[in-house]
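**Student:** Line by line, the protein sequences are chains A and B. The first sequence maps to residues -19 to 94 in our numbering. The second sequence maps to residues 6 to 116 in our numbering.
Think of the hints as simulated: they come from the structure by calculation, not from any bench. Remember, predicted model here, so these are calculated numbers, not experimental data. Take these hints with a grain of salt, some might be off.
Partner residues are not named here, just some residues of chain B that face chain A (Cβ under 10 Å, in silico) [stated by the list, open to error]:
no.	residue
1	Leu92
2	Leu97
3	Lys103
4	Leu104
Taking lysine to aspartate or glutamate and the EDC-like style, the derived pairs with C-alpha atoms no more than 20 Å apart in a straight line are [what the hints assert, rightly or not]:
no.	chain 1	residue 1	chain 2	residue 2
5	B	Lys84	B	Asp62
6	B	Lys47	A	Glu32
7	B	Lys47	A	Glu52
8	B	Lys7	A	Glu48
9	A	Lys7	B	Asp44
10	A	Lys7	A	Glu82
11	B	Lys47	A	Glu20
12	B	Lys50	A	Glu82
13	B	Lys50	A	Glu37
14	B	Lys50	A	Asp66
15	A	Lys24	B	Glu10
16	B	Lys47	A	Asp66
17	A	Lys24	B	Asp12
18	B	Lys7	A	Glu52
19	A	Lys24	B	Asp62
Cβ atoms here follow ideal geometry from the backbone N, Cα and C, with glycine treated the same way.
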Amino acid sequence: NAGVMQNPRHLVRRRGQEARLRCSPMKGHSHVYWYRQLPEEGLKFMVYLQKENIIDESGMPKERFSAEFPKEGPSILRIQQVVRGDSAAYFCASSPGQGGHEQYFGPGTRLTVT
Amino acid sequence: RKEVEQDPGPFNVPEGATVAFNCTYSNSASQSFFWYRQDCRKEPKLLMSVYSSGNEDGRFTAQLNRASQYISLLIRDSKLSDSATYLCVGLLSGGYNKLIFGAGTRLAVHP
Chain A
-19 NAGVMQNPRH LVRRRGQEAR LRCSPMKGHS HVYWYRQLPE EGLKFMVYLQ
31 KENIIDESGM PKERFSAEFP KEGPSILRIQ QVVRGDSAAY FCASSPGQGG
81 HEQYFGPGTR LTVT
Chain B
6 RKEVEQDPGP FNVPEGATVA FNCTYSNSAS QSFFWYRQDC RKEPKLLMSV
56 YSSGNEDGRF TAQLNRASQY ISLLIRDSKL SDSATYLCVG LLSGGYNKLI
106 FGAGTRLAVH P
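Throw the hints in and build the complete structure from the sequences for me.
**Tutor:** So, in structure tokens, the structure goes:
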């Protein structure tokens, strides 16, 4: 039973480019969460999605960031026109359903903006 | 004020030592609490849930005091492999399912 999968594991983008981060939840999990960890800081919640629905995006920056979890395929976190301050580790987690108290994390994508 | 606050450490202890981490939270809407462990540049992994009655898992004991909004983790007989960052985490429920992470406490166990 594969765990949460994220790709790419490492992503380098120049300022102004777009970054697309992918997350495939654990089999049987329909809830996905994205968190961001800046260097030397704790993880910060960004967005909570179910299939085809954004449930809570209170942690998402108002501009340039978007997330989706389509009916088929992985969840995507998209960052447009990246800036150096977007450099961070982006972790995806999934849970089987309501409650969300057991969230299983993927290995993360380390985004570096040059 | 941060919603979940932890002493960042580092805690440097010899093998076999007992070490205690503390954590306070400010959001009373957090209904559940956990300790996660994060190794350098890796994903956080659930170590244990925390209950008011206290719970123990081998060498690890966790305790929650809702009146004081205080959470603790005790590690007995420390091993080299316990070296990691320990994250105190609250879950905002009521449909939010949002984990609120503390910044973490670093533990280094030396021979």
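**Student:** Compare the structure with each hint and give your call.
**Tutor:** Hint-by-hint comparison with the structure:
1. Leu92: Cβ of Leu92/B sits 7 Å from chain A, so the hint holds.
2. Leu97: 9 Å, holds
3. Lys103: Constraint on Lys103/B satisfied, holds at 5 Å.
4. Leu104: This interface hint holds because 6 Å falls under the 10 Å limit.
5. Lys84/B x Asp62/B: Within the cut-off at roughly 15 Å; holds.
6. Lys47/B x Glu32/A: 29 Å, violated
7. Lys47/B x Glu52/A: Roughly 28 Å separates the two Cα atoms, so the pair is violated.
8. Lys7/B x Glu48/A: 29 Å, violated
9. Lys7/A x Asp44/B: 25 Å, violated
10. Lys7/A x Glu82/A: OK: Lys7/A and Glu82/A at ~14 Å, within 20 Å.
11. Lys47/B x Glu20/A: 13 Å, holds
12. Lys50/B x Glu82/A: 10 Å, holds
13. Lys50/B x Glu37/A: 23 Å, violated
14. Lys50/B x Asp66/A: 24 Å, violated
15. Lys24/A x Glu10/B: OK: Lys24/A and Glu10/B at ~13 Å, within 20 Å.
16. Lys47/B x Asp66/A: Distance of about 19 Å is within 20 Å: holds.
17. Lys24/A x Asp12/B: Answer holds: Lys24/A to Asp12/B is near 18 Å, not above 20 Å.
18. Lys7/B x Glu52/A: 37 Å, violated
19. Lys24/A x Asp62/B: Since the Cα atoms of Lys24/A and Asp62/B sit roughly 27 Å apart, the hinted pair is violated (cutoff 20 Å).
Hints 6, 7, 8, 9, 13, 14, 18 and 19, counting from the list given before, are not met by this structure.
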